[in-house]
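Taken in sequence, the protein lines are chains A and B. When the letters of the first sequence are read in order and numbered with my numbering, they come out as residues 1 to 295. When the letters of the second sequence are read in order and numbered with my numbering, they come out as residues 1 to 371.
Treat the hints with care, as some may be off.
Stated by the list, open to error - Okay, derived cross-link-like pairs now, DSBU-like style, lysine-lysine, Cα gap no bigger than 30 angstroms in a straight line:
(1) B:K132 with A:K110
(2) A:K111 with B:K132
(3) A:K55 with B:K218
(4) B:K210 with A:K9
(5) B:K313 with A:K291
(6) B:K350 with A:K291
(7) B:K71 with A:K110
(8) B:K359 with B:K307
(9) B:K313 with B:K218
(10) B:K307 with A:K291
(11) B:K350 with B:K218
(12) B:K253 with B:K210
(13) A:K9 with A:K111
(14) A:K11 with B:K218
(15) A:K111 with B:K71
To be verified - From chain B, some residues computed to sit far from chain A (all C-beta separations above 10 angstroms):
(16) D57
(17) G93
(18) N190
(19) E295
Said to hold, decoys possible - Derived, one-sided and incomplete: chain B residues facing chain A with beta-carbon distance under 10 angstroms:
(20) I49
(21) L53
(22) N116
(23) K276
(24) G278
None of these hints come from the bench; they were simulated from the model. C-beta: ideal position from N, C-alpha, C; glycine also.
Given next are the chains, with one letter for each unit.
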Amino acid sequence: MARAYPSDKIKSPVHLSIGQEAASVGVCAALEPEDVVFGTYRCHALYLAKGGDLKAMIAELYGKVTGCARGKGGSMHLIGTEVGMHGASAVVGTTIANAIGHAYALKYQKKNALVVSFFGDGATEEGVFGESLNFAVLKQLPIIFVCENNQYAIHTHQSRRQGKPNVCARAEAYGIPAERIEHGDVLYLYERIKALAPKVRGGGPHFLEVMTYRWQEHVGPNRDFQLGYRTEDEMHPWVENDQVDRLKHMVDGPRRAKLEEEVEEEIAAAFAFAESSPVPPAEELYADIFKESHS
Amino acid sequence: MTTPATSSAASAASRLLKGGTLNGERTLSYVDAVREATDQEMSRDPSVIIFGLDVDDPKAIQGTTKGLLEKHGPQRVFGTPLSEDAMTGAAIGMALAGLRPIHVHIRMDFLMLAMNQLVNVASKSHYMYGGKVCIPMVVRSMIGKSWGQGAQHSQGLYSFLMHIPGLKVVAPTTPYDAKGCLLAAIRDDNPVMFVEHRILHFQKGPVPDKPYVVSPGKARVTAAGTDITLVGISYMQVECLRAKAYLEDIGIKAEVIDPIWLSPLDTETISHSVEKTGKLMVVDNGWVCCGAGTEILAQVTERLQGKRDFRVKRLGFAPVTCPTSPSLEDAFYPNARTIAAAARDMVEGKPTGWLPEEKAELQSIVFKGPF
Ligand SMILES: Cc1ncc(C[n+]2csc(CCOP(=O)(O)OP(=O)(O)O)c2C)c(N)n1
Ligand SMILES: [Mg+2]
């Protein structure tokens, strides 16, 4: 995507997940298909990890009618209700509240599913964060909160935004068991979710702060160390610790080569699909403002 | 020029005010109509749930939620933490999961803390996600001119919400419409803002006991006339009907229209009336600037210009904050007499300086505290 972006065919601002994939992958791999996730504008990894269709995602970024939101949502609003990806918001913190409501409904409907709410470290500063945590505890909802802490909100470090930069302590203050996962260890995260899920399904929220690092600029395809708000040295350990690379080396040579080839083909096919798909016809501008109701 | 006190307008007004029965129809208060609609829908459809601050407390939102907890249980009827923002977001999440939440706010002023979820999520999701999801939720909120509620406890901010595509807005005036509109709102697959004026809560009127819907996008001519069209929004509908009675005394026949649904708006019914009368006065329960009345007037003007000569006038609030002192509060709100006076000036095409003598039977209900 970072390579395709300069072609200007992607008609939507992209907040890339590069470097942060482990959080989405580790969590979603441990979920069941009927489990539900909500994310943020930085939602590409989450959408794919939950099983979202790659073709529909790239087409959405291209603004094509074959996109997962018919070309009307763009990069920041990927959705795949068929795989339990229930949406992403461009307004920080917003989907945390939607996630608790969804969890309330699942409990009321006596479903065995759970909800995972993904958000960044910046979102924990929004009022809706505290309000949502309180309600989740009050109603003992089947929800896991996952704070992807990449330490930055755009260009501002967590220590310059939070008087006490301890997200887990805040979750615990509301009465939610919380733990911080250092190094973004994807396999450890997977194991933790596997272990926690049965308890959460029975009712009762859990909180995970997953340490991670964004490699690219906040929005856009490039690196941004020239801005001076962070250093390459800071990123270095995260690159060393890259979980994608780690998994790659757990697969033996020939199998790895075959997998890589398949993935490259899938990506090429998705871009080709997006390129060749039609844009929404003019009448789409006025479609789906209201859902037709039959009362 | 004087018409008997038993004129049709006076009886329509008093019917609205005191709830006269016709042909043995059942009479309910607005409060009971809202409660009955909620109860009937909750009984019919297990996906309907209701919550909000104090929904399950002894006062039960002026009685509109009374008995629901006992009948439908605490999972479907609950008071919430003081978290308007998150609870609005939660309502959206519930709707996404297939429920039909009703979120209640005892003051519309408190909705300002929930604007992100209402404007950015509830209204947008169906469109923004290409029709993949819908948000069937109802937000009930109370507005009101009453007993010195003042700057932050009285505002009718529905025009903000009319501005947003994807959100329906309804402000029913009569108990009949309160029940029918609430049923329609609950069954609607889109977010609906349901606006209740506190004074209207006390009104009584005929309400059929069977469920029925008053569908979005249809206004109602509440009293026929030929000389001027008065459109009264929410409680101002009552004041317009009273104004009609004052105007009849001087031989002016006003047609009164209740838009009922502010979004989608039925400008056809209103335009049709203005084509006949040539004069449109919209009386709003909010600020005139960028208000609901202004929008109605603009839409009608666009439809009728070039077809017919007509005059227009907006009444509502001046750009000042609502004060609490009765002397100032009285001047802040339009009332039947000031509406009648402005209407006469319009009909006669000049300032007449006329203000009708107040009639006891057309006085406002005296609202008592503490709430
Ligand atoms: C309510 C709101 N305020 C401000 C912004 C502008 N903004 C976009 S992303 C962002 C930083 C959010 O940081 P974080 O939650 O840590 O997520 P990250 O981008 O690091 O994944 C801000 C302030 C916004 N989108 N929404
Ligand atoms: Mg961050």
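Evaluation of the provided hints:
Between K132 of chain B and K110 of chain A, the direct Cα distance comes to roughly 24 angstroms. Compliance with the 30 angstroms bound is thereby established for this hinted pair. A threshold of 30 angstroms between alpha carbons decides the hint, and for K111 of chain A with K132 of chain B the separation of about 22 angstroms falls inside it, so the pair holds. Restraint check: the Cα-Cα separation between K55 of chain A and K218 of chain B comes to about 43 angstroms, which exceeds 30 angstroms; the hinted pair is violated. Restraint check for K210 of chain B and K9 of chain A: not satisfied, since their Cα atoms lie roughly 57 angstroms apart, outside the 30 angstroms limit.
Pair hint K313 of chain B plus K291 of chain A does not hold up; C-alpha atoms about 35 angstroms apart against a cutoff of 30 angstroms. Proposed proximity of K350 of chain B and K291 of chain A is contradicted: the alpha carbons are some 48 angstroms apart, above 30 angstroms. Annotation: proposed proximity of K71 of chain B to K110 of chain A holds, straight-line Cα distance about 20 angstroms (limit 30 angstroms). Of the supplied pair hints, the one linking K359 of chain B and K307 of chain B is violated, its CA atoms being roughly 39 angstroms apart against a limit of 30 angstroms.
Straight-line distance between C-alpha atoms of K313 of chain B and K218 of chain B comes to about 22 angstroms, which keeps the hinted pair within the 30 angstroms bound. Between K307 of chain B and K291 of chain A, the direct Cα distance comes to roughly 34 angstroms. Violation of the 30 angstroms bound is thereby established for this hinted pair. Under the criterion of a C-alpha separation no larger than 30 angstroms, the hint pairing K350 of chain B with K218 of chain B is inconsistent with the structure, at around 33 angstroms. With a C-alpha separation of about 35 angstroms, the suggested pair K253 of chain B and K210 of chain B falls outside the 30 angstroms cut-off, and the hint is violated.
Taking the CA atoms of K9 of chain A and K111 of chain A, the gap is about 42 angstroms. The hint is violated against a cut of 30 angstroms. As the CA atoms of K11 of chain A and K218 of chain B are separated by approximately 40 angstroms, the hinted pair breaks the 30 angstroms bound. As the CA atoms of K111 of chain A and K71 of chain B are separated by approximately 23 angstroms, the hinted pair is consistent with the 30 angstroms bound. Every Cβ of chain A is farther than 10 angstroms from the Cβ of D57 of chain B; the closest lies at roughly 16 angstroms, confirming the non-interface assignment.
With a least beta-carbon separation of about 3 angstroms from chain A, G93 of chain B fails to lie farther than 10 angstroms from that chain, contradicting its non-interface assignment. Annotated as non-interface, N190 of chain B brings its C-beta within 10 angstroms of a C-beta of chain A; the closest such distance is 5 angstroms. No Cβ of chain A comes within 10 angstroms of the Cβ of E295 of chain B; the nearest lies about 17 angstroms off, and the non-interface call holds. With 10 angstroms as the threshold, the beta carbon of I49 of chain B comes within range of chain A, its nearest partner Cβ sitting at about 7 angstroms, so the hint holds.
For L53 of chain B, the interface hint is violated, since its Cβ never comes within 10 angstroms of a Cβ in chain A; the closest pair sits about 13 angstroms apart. Interface restraint check for N116 of chain B: the shortest CB-CB distance to chain A comes to about 6 angstroms, inside 10 angstroms, so the restraint holds. At about 31 angstroms, the closest approach between the beta carbon of K276 of chain B and any beta carbon in chain A exceeds 10 angstroms, and the interface hint on this residue is violated. A least Cβ separation of about 33 angstroms between G278 of chain B and chain A goes past the 10 angstroms threshold, and the interface hint is therefore violated.
Violation of the numbered hints given earlier is confined to hints 3, 4, 5, 6, 8, 10, 11, 12, 13, 14, 17, 18, 21, 23 and 24; the remaining hints are satisfied by the structure.
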